[in-house]
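Visitor: Okay, here's what each chain looks like letter by letter:
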Amino acid sequence: MARVTAGISCSHVPAIGAAMDLGKTKEPYWAPLFAGFDFTKQWIARNTPDVVFLVYNDHATAFSLDFIPTFAIGCAPEFAPADEGWGARPVPVVRGAPELAAHIAENVIQADFDLTIVNKMDVDHGLTVPLSLMFGQPKSWPCLVIPFAVNVVQYPPPSGNRCYQLGKAIRQAIDGFDQDLNVQVWGTGGMSHQLQGPRAGLINKEFDTKFMDGMVRDPEALTRIPREQYLREAGSEGIELVMWLIMRGALEGPVREVHRFYHVPASNTAVGHLILEPAA
Amino acid sequence: MKTYGDIPGTTVFDAEQSRKGYHLNMFCMSLMKAPNRERFKANERAYLDEWPMTEEQKLAVLARDYNGMLVLGGNVYFLAKIFATDGKSFQYAAALMTGMSQEDYARMMLSGGRPYEPCEADKHGKPKEGV
Numbered sequence: 001m002a003r004v005t006a007g008i009s010c011s012h013v014p015a016i017g018a019a020m021d022l023g024k025t026k027e028p029y030w031a032p033l034f035a036g037f038d039f040t041k042q043w044i045a046r047n048t049p050d051v052v053f054l055v056y057n058d059h060a061t062a063f064s065l066d067f068i069p070t071f072a073i074g075c076a077p078e079f080a081p082a083d084e085g086w087g088a089r090p091v092p093v094v095r096g097a098p099e100l101a102a103h104i105a106e107n108v109i110q111a112d113f114d115l116t117i118v119n120k121m122d123v124d125h126g127l128t129v130p131l132s133l134m135f136g137q138p139k140s141w142p143c144l145v146i147p148f149a150v151n152v153v154q155y156p157p158p159s160g161n162r163c164y165q166l167g168k169a170i171r172q173a174i175d176g177f178d179q180d181l182n183v184q185v186w187g188t189g190g191m192s193h194q195l196q197g198p199r200a201g202l203i204n205k206e207f208d209t210k211f212m213d214g215m216v217r218d219p220e221a222l223t224r225i226p227r228e229q230y231l232r233e234a235g236s237e238g239i240e241l242v243m244w245l246i247m248r249g250a251l252e253g254p255v256r257e258v259h260r261f262y263h264v265p266a267s268n269t270a271v272g273h274l275i276l277e278p279a280a
Numbered sequence: 001m002k003t004y005g006d007i008p009g010t011t012v013f014d015a016e017q018s019r020k021g022y023h024l025n026m027f028c029m030s031l032m033k034a035p036n037r038e039r040f041k042a043n044e045r046a047y048l049d050e051w052p053m054t055e056e057q058k059l060a061v062l063a064r065d066y067n068g069m070l071v072l073g074g075n076v077y078f079l080a081k082i083f084a085t086d087g088k089s090f091q092y093a094a095a096l097m098t099g100m101s102q103e104d105y106a107r108m109m110l111s112g113g114r115p116y117e118p119c120e121a122d123k124h125g126k127p128k129e130g131v
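These protein sequences, in sequence, are chains A and W.
First residue of the first sequence: 1, per the numbering used here; consecutive thereafter.
First residue of the second sequence: 1, per the numbering used here; consecutive thereafter.
Chain A on its own, in the form it takes in the complex (with noise of 0.2 Å):
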């Protein structure tokens, strides 16, 4: 059967996804949130997954204001790296993993999350990115993806508590899935950070390391904070980590804390990075 073998989260700045194609990863701005990742490289290296389920958000990429889902699953067999405004970047094509896909889908929905399902979808920086931060750059990815789209744009997101809830449907659904396989599932986006208005450049340290605390010992507790706390005090992108939550759904129960990073600035943001595994 397919079993969740751990969880990883980490921010997707697409300013670190344009330093690693321009090879300016060593340069005295950059080295240090990319010495945060050597740990995971080794690690994923030894539990490379099948299958990344991964959540993250369009930055009106595929989805402009024409069509706006709340979740989206993509059910396709290939997403292309889109081309964001400055050509596409230099990464390989994202290979899909169709039958889990539609298996994850249709027990989901059964389960009471009404799923957008998405056959074509150019995937954004906030897909590529984590995948560039932890395999680096090969030729070709080296395990399948599922993205999985959370509307995080337009407010109101989903809450931190429904994210959590339906992280727990698609463990049930992975947990079904009739074919072994190692899966991970991860959730992007975070830490705290504001790119308008005003008050852009917001970082909220304490808010971010609470959170961390949190997803290890006591996610129940984060699924508790209302939307509105995240737009004040985690800034008003900041909203993007009950992203995070789905992933800790998904692992359920106690879990280890296998490597924590945290690194402040990636441009106008605070970076989070956790490997979790289940406990038991």
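Source of the hints: derived by calculation from the structure; they are not laboratory data.
Just so you know, these numbers come straight off a predicted model, no measurement behind them.
Any given hint could turn out to be false.
Unchecked claim - Here are some chain W residues the structure puts well away from chain A; computed CB gaps all over 10 Å: (1) Met1; (2) Arg45; (3) Glu55; (4) Ala63.
To be verified - Listed below are several chain W residues computed to face chain A (Cβ distance under 7 Å; list not exhaustive): (5) Pro8; (6) Asn25; (7) Met108.
All residues carry an ideal CB built from backbone N, CA and C; glycine is no exception.
Use these hints to put chain W onto chain A, whose structure you have.
Guide: Structure of chain W alone, referenced to chain A:
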């Protein structure tokens, strides 16, 4: 009733803003295609006139008044297509919106970012909205 209107220096892109800014944001979206970027750069006013935007929105785009565009319904991920067309970074645009020089803004970020300061509503207990 909206309970988040008092967050300092922040325009929340909600359904009302999205409705106001639909054409502004869709104009921005069109700049993802290189031929459209060229046409826009060749004659900004003429290109804007192809879109059913308000005059106020068009003037804000021409002036690159990003705070103005936010108030008029723009969303920063869409507005990013304008500053990308201008060859500018997210950090350039963020600095502009704060009224700081890019150097001062970059220095603020390197020293840990803009500190969170609770506003009045934050101090008087928790936000009203339920989960």
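Visitor: Out of the numbered hints, which ones does the structure contradict?
Guide: Hint check: nothing fails, all pass.
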